[in-house]
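Student: One letter stands for each residue in the lines below.
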Amino acid sequence: MSTETKPSERVTVETTLNGTEVEQTVPAGTLLSAFLRNHEYLTGTHRGCETAKCGACTVLVDGDPVKSCNMLAAQVDGATVTTVEGLADGEDLHPVQQAFWDCHGSQCGYCTPGFVTNVVALLEDNPDPSVEEIRSHLTGNICRCTGYTKIIESVQEAAARMDGDGK
Amino acid sequence: MLIPVAPQWETDVQGLKYANPETVEEACTLLRDHGEDAAILSGGQSLLPMLRQRVGSYDKVIDINGLPDLEYVRETDGEIRIGCLSRHVDVASSSVVEEHCPILADVAAEIGDVQVRNRGTFCGAVAHADPSGDPPVVATLLDATIVARNADEKRTLSGSSFYHGFYETDLSKDELVTEVRFPVLSAGEGAGFEKYEPTEGAYPVATVGAYLSLADDGRIENATLVTGALEAGPTPMDDAAEVLEDREPTDDVLTEAAEQLGEDTMPVDDFEGSAAFKTNISKKLAKDALQTALDRAENER
Amino acid sequence: MSKQQQRGKQETASEDRSTEWVGERVNSYDGSRFVSGHGRYVDDIQRPDMLHAYFVRSQFSHAKVLDVDTSEAEAQPGVELVWTHDDIADQVNEPFGYMLNDEEVLASDRVTYAGQEIAVVVADDRDTAQDAADLVDVEYERLDTVTTVEEALEDDAPLVHPDLDADPENDTDGNVAWTGQVEVGNYEDPLADADVVVEETFDTNKTTPAPMEPHGCIADYNPATGKVELVSSTQMPHLLSVELSEVLTEFEQRDITCKLPDVGGGFGIKLDPYPFEICSVLLSKATQRPVKHVLDRLEEFTAGRGRAPETLEGKIGVTEDGDIVGLDVDLLQNTGAAAAYGVAVAYSSANCGQGPYLIPNQHWRTKVVYTNEMPTTAVRGFGDPQVTFMREQLIEMAAEEIGMDAVELRLQNSPRQEDMPMRSDAGHIWRNADQITCLEKTREMINWDEHRGGSKTRDGKLRGVGMGTIMKRGGNKSASGGDFDEAVVKMNRHGDVTVLTAIASIGQGTETGINQMVADTLGVPIDRVDAVRGDTDATPEGLGVWADRGTIIGGSAAARAAEELADTLKAVAGHMLEVDPDDLRLEGGRAFVADDPETGMELDELANVAMLGNPETLGTEAERPEELRGGISLVGRGKYQSQEVEFVDPETGRGNVAHSYTFGALAIVVDVDPGTGEIDVVDVAICEDVGNVINPTLVEGQVQGAIIQGLGEALYEEYVYDRNGNLMNGSMIDYHLPTAADVPLVTKIEELENPDPTTSHGQKGVGECPLVPTPAALANAVYDATGIRFTELPLAPHYVLPALDEAGLREI
Ligand SMILES: Cc1cc2nc3c(=O)[nH]c(=O)nc-3n(C[C@H](O)[C@H](O)[C@H](O)COP(=O)(O)OP(=O)(O)OC[C@H]3O[C@@H](n4cnc5c(N)ncnc54)[C@H](O)[C@@H]3O)c2cc1C
Ligand code: FES
Ligand code: FES
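Residue numbers (UniProt numbering), protein chains in the order written: chain A, 1 to 167; chain B, 1 to 301; chain C, 1 to 812.
No false leads were slipped in.
Okay, the calculated bits of chain B under chain C, using three or more residues with CB under 8 Å as the criterion:
(1) 193-200
(2) 270-277
Each computed SDA-like pair below joins lysine to any residue, with the alpha-carbon atoms no more than 20 Å apart:
(3) C/K227 to C/V242
(4) A/K6 to B/Q14
(5) A/K6 to B/D33
(6) C/K456 to C/I812
Rather than coming from a laboratory, the hints here were simulated on the basis of the structure.
Just so you know, these numbers come straight off a predicted model, no measurement behind them.
Even glycine gets a Cβ: it sits at the ideal position worked out from N, Cα and C.
Work out the full structure: start from the sequences and follow the hints.
Tutor: What follows is the structure, given as C-alpha cells:
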C-alpha cells in the first residue's frame, strides 16, 4: 500500500490492447481516444463530437463498450482494450463486421467502428436480441447515413450467424 | 445538460495531473492536500466533459476506481447500499434493487446510453448534482443516506436536504462519497419516476419522482413529489404532495396533484421549450409517476 | 424490393452485355475497410513535419473588428504563424463565394456571424494551435444584429453587407442578396380560374445534416513545383480546384491537386470552398510544411453550414372538381451571412416547386436575404424539402376544402407516363415516369383508407396518415457551367480493371454501382474491379457528387469508357480466335463466341497478349486489323455530357433545370401523444420511380437514410439563436439527432424501374429524393391525427404540446 501517490503529469499506461501488451508513458490528460489514435495509430476509433454523445469512439474496456473520448488513457492501465481493429481474426472479419458489410449497415463508415464494437458486446450478453433491445442498446451511437434500418438488420444477421455462441 | 458558454473543447486535457490512490485513506489524504483544485474521478462521464471544456478550476484528478471493495449493491439492515464504484448498469440490473426499490432501476436504466451507464456511477451522479441529473431526484425523493468521508471523519448526510441548487450540495471539497443508501420500500409503499428526454439518451428536460405510502384503509398516508431538470436541481413539490395526503388514491386525485405540481414548478424558457411547455409536460410526468407509485404500493400490499 | 417491369420500359442495355452484376445486391466496395476500422479519413492521415491550424472565430454575430493582437499567441513555443486578414489580403481575390461574392477568407474589419474566421494559428500540434488561438486578442465593437428575415427586410435594418449594398456593380439591395421569379401561364393572376383558394404561410427550420465526420483538409505545398496537394473531405474535388484557383491569386487550376480521402458523409455541406481550405493552402505555402485543419464539432455547428430556413407564403387554387389551376408563392430565404449555394437553392425551389403536378398558372417570387447567422448552403434535397412542406400541405388543405380525398386530388393532377416525354408547365423535360403508380402503391402500402380521417389508439394516442410527393432534379449546370463527367477504365496485363472517375465517395456508394456496370460491360468478376475516385491528378474531369448526379452522369461516363475497352478486348479476341468481334461476348472472365461458348479465351490471357502486343502472339501489325495496329491500348475513355439540362431563363424562371427527374410518393402514419406532444412515426411507405436499379441494397440504404434524415429535421432538429445571434444548442448534446430508438424501421420501399432512355443503364437519381416529402408527409399526418395544421418545423413536442393544449386535446 503506497502512501507515495502524488498527482503526476505523466502516466504510464500498461494495457492489453487488441491482444498485445503495450506500455506507453503519456501526459496524464491524454484521452483514451487520443491515446489510441495518436499514440497507438489505431485510427479506426473515430472522433465525431466532443461531447461524449455520438459513440464513434466506442471501444471495449474489459469487454464493456465505453466512449473512449470520455475516459483518460490512464484509466485503462491494467485493463484489456479492444478496438475495431482488434475484432477480426487475421483476414477473417468478425461475424458482426461481416454482417455489417453484407447487410450494408455501413455507408460512409465513419460511425461504423463504434457500432460494431458496441454490437459485439451486445451479442456477448444477449445472443438473440429483439429489435427493441437492439434499438435501445444503440442509443449511444449516432449514424447519419443509414437511417439505422440496415444497422439493425446487420445485428440480427450477425446474431443468426453466430447462432448463440457469441463468436 | 452542458455547461453553457463553452468556448472550446480540448482534444486532450492539458496540464492535468493524475493520481490513483489504492486506499480510501490515501484518497482522502489526497483530497485534503489538493481539495480545492482536485476532482474525484469515478465514472468520469460528467467530469471529463467538464475538464475538456475547462469548466471549474481543477487541474488534478483523483481516480478512485482502484479503491477496493466499493463496488456493490446490497441490502443490509433495511437499506439498499450502493458502493461508490457501482455503475449505473449495476444498479439497473441488480436483483436486490428490483425486489426492494425498483424505482432505482427505472432511473439507472434510462440514464444516457449503454456506454455512459457502463462507466458512470450512481454515487458519482448523486454527488455531482447536475441539475438535470436523475439520481439526485431519487436521492431527494427517498431521502437517501449519503455516506461521506474525509481524512478525519465519516459522516452521513440526508438526501432530502442535500441539494442547494446548481451543482451545490452539502459535501465539502475534501469529502468522498463512499456509499449511498436507499430505504427498502415495504408493503404499502411505492415509488415511480418519469422523464421527458427530447431524443433517446439525451439529458432530460423534465423529470418527476413520486413516492406514496398507503394506509390500511387504502388511503394515501404519505406522499412525496420531486421534480428534476426543471429548476436548478431536485425540487420537492410539497403542495402537490399535500393534495394527496389522506385522500383516496383515485384517478382524479392523482390528476389534481399532478396539475398542482405543474402549477408550482418554475421552469425557464430555453431552447428545449417554453416554461409553459415544461409545466404542461411535468403534469403528465407527475401523473404517470404517481400511477406507477400507486400500482407498486398496491401490489406490495 | 420487387422489380417491376413497367409499361414503356425501354431496352437500354446493349444486348450482348452480361447482366451478372447490375441489379444485384453487391456488397459495397469500401465496406470491408470500413467495418474493420481501416477507412482512412482526413484526420487519420499524418504527414512528416505536419503543422496544425486552428481558427480564431468571432464571438459576436455582428461587430466591427477594431484590432487583432496576435503577439501573445505568436510568442508561444511551437507556434509557427498567426495570420489575420492583412497577411493574406494580397494572395486572395475577395470577396469570393460560390454564387455571389460575399465572403472573406479571414474577416477584415467586420464580422457578420458568430463563428466567422478572424485569424488562424498554425503550430506544431493541434492543442498548441488551439491554446494559442485563445491568446489572440480581438477587440470588437458590437453592431446591431439581424437574425430574422422580417428584421432584415425592415427599412432601417442594420445591413449585413453594407459594402455590397453600396457597390453599384453588385445586385445586393439592402439585405436582399438575390431576387428571382418563376412565371408560368397566367402568372399575373394565377388563381383566376380557381373555385377555391387555400392559403397559408409556412416556416421551415435551419438545420445541419451533421455528417459524422467533420470537415477537414491537409494542404501540402511543394516549393519546387509551386503546386499544392489538397486532401480534403469534399464532395467535389475537381470543382474545388476550380473554385480555389479563382480565390487564390497565385494558383491556377493546374497548381491545385485535390485528392479525396474517405469522406464520412457530406449531404451537401461539403461542396463549398471553405476558408479553412484556402488558409491551409496558403499556410502550407508560407511554411513549406503540410498543414492540417479538422474542424471540431462546435466549429461544425457554428461554421459548417446547413440548410436554409425559408418562409413560404403560398396560395393554391383548385376547381370544385379537383383540378389544380394555380399556385402563387412568396418565398423568403434566410440565407445567413453569405449566400453560398443559397441562390441556387432558392431558384430551384421555385422552378421545381410545382412538384409532380400539372399546374398551368404559377407565380413565384423569391428573395434570398442576408442575416447575421451562419451561412447556409446546399443540403440533401436542396430547396425541395422546404417547398414541398408548403405545397403538399396546401394540397391536403385544398382537398379537404373541396371534400375530395387527398390522394385522389394528387392522382387527378399528376402527369401520365403515356404523355411523356413532355415539358412540364415550368419547363422541365419529364421522361418515362409513372407517378400514378407511385401514388397508388404508396396509398396501398400505408393502408391509407384505413387510417385516413384520424383515430384514437387503444393506448390513447391520436393516429393519422399523411402524404408527400417527389419530383426531384438529378444533375444541374447553373453553378458548374455544364453537366458532364469523364471516366477512364483501364486494364492491366492480368486482366484487373481500374475505373478512374471524378465521382467522390461520401458513403452513398456510387463507386459500387459504377463497378457493377463496368464489370458487366467487361464480363469480369466484380472483385477484379477497383475504383480510383476524385483525384484531380489521376482521374479525368468531372463535377463530383451533388444533385443526385453521380450514378446518372458519372455512371454513364464510366459505362461508356468500359464499352470502349470492351471493344478493344473483343477486337483482340476476334483476331486471335479468328471470329467476328461482333459475335463475341464478354462474361465470366472470358471472351467467347455468343453462339458457341466453347470458342473463346480467358480474359487474363487476352489482357496479357493485348498489353504486350507481341508479333509472336498477334502476328505482325500488317497482319492485324486496323484497330490493332499502332499499339493496343487497354484504356477505355468515356464522357457523358448532358444534352438535356438547360440554364433556366432568368426572366421567366422556366427551363429544364436538371438532366432528369425522379418521381415518387411517401406516406407516414403517426401516433401523437396527447400528454407529451411526442410524435411516434409508426409506419412509413415510399414508392419511387428510380429507373433501372443498379444495386437494390444501395438504393434501399439511400432511401432509408434520407427518410430518417428528413424525420430528424421534421421532428427534432433546429438551430436556436438568441436575440444576439448566438447559437444556443451547438453540440450533439443539445442539437438532437435521432437515434435508432427514435425512428422507425423503413421497410416498405417499392421501386418502379421505368428506365431513363438517356442514361447508360436507364438509371435515375436516388439519394436525395426520399428526404424531400418527409417533413410534409409528417405534418399532414399530424393534421389528420389532431386537426391541427403545423406550419412550422420542427414538430418537436415543445411546439406540439402547446398547440394540443390550445386545441383542448392535451390530456394527462
Ligand atoms: C451522453 C451522456 C448522457 C447522459 N445522460 C444522463 C441522464 O440522462 N441522466 C443523468 O442523470 N445523467 C446523465 N449523464 C451523466 C451521468 O449520469 C454521469 O455518470 C453522472 O452524472 C456522474 O457520475 P460519474 O461517476 O460519471 O462522475 P464523474 O464524472 O467521475 O464525476 C462528476 C463529479 O462528481 C464528483 N464525484 C464523483 N464521484 C464522487 C464521489 N464518489 N464522491 C464525491 N464526489 C464525487 C466529481 O468530483 C466530479 O466533480 C450523461 C452523461 C453523458 C456523457
Ligand atoms: S467522439 Fe466520443 S462520443 Fe463522440
Ligand atoms: S455510415 Fe455514415 S454515419 Fe453511419
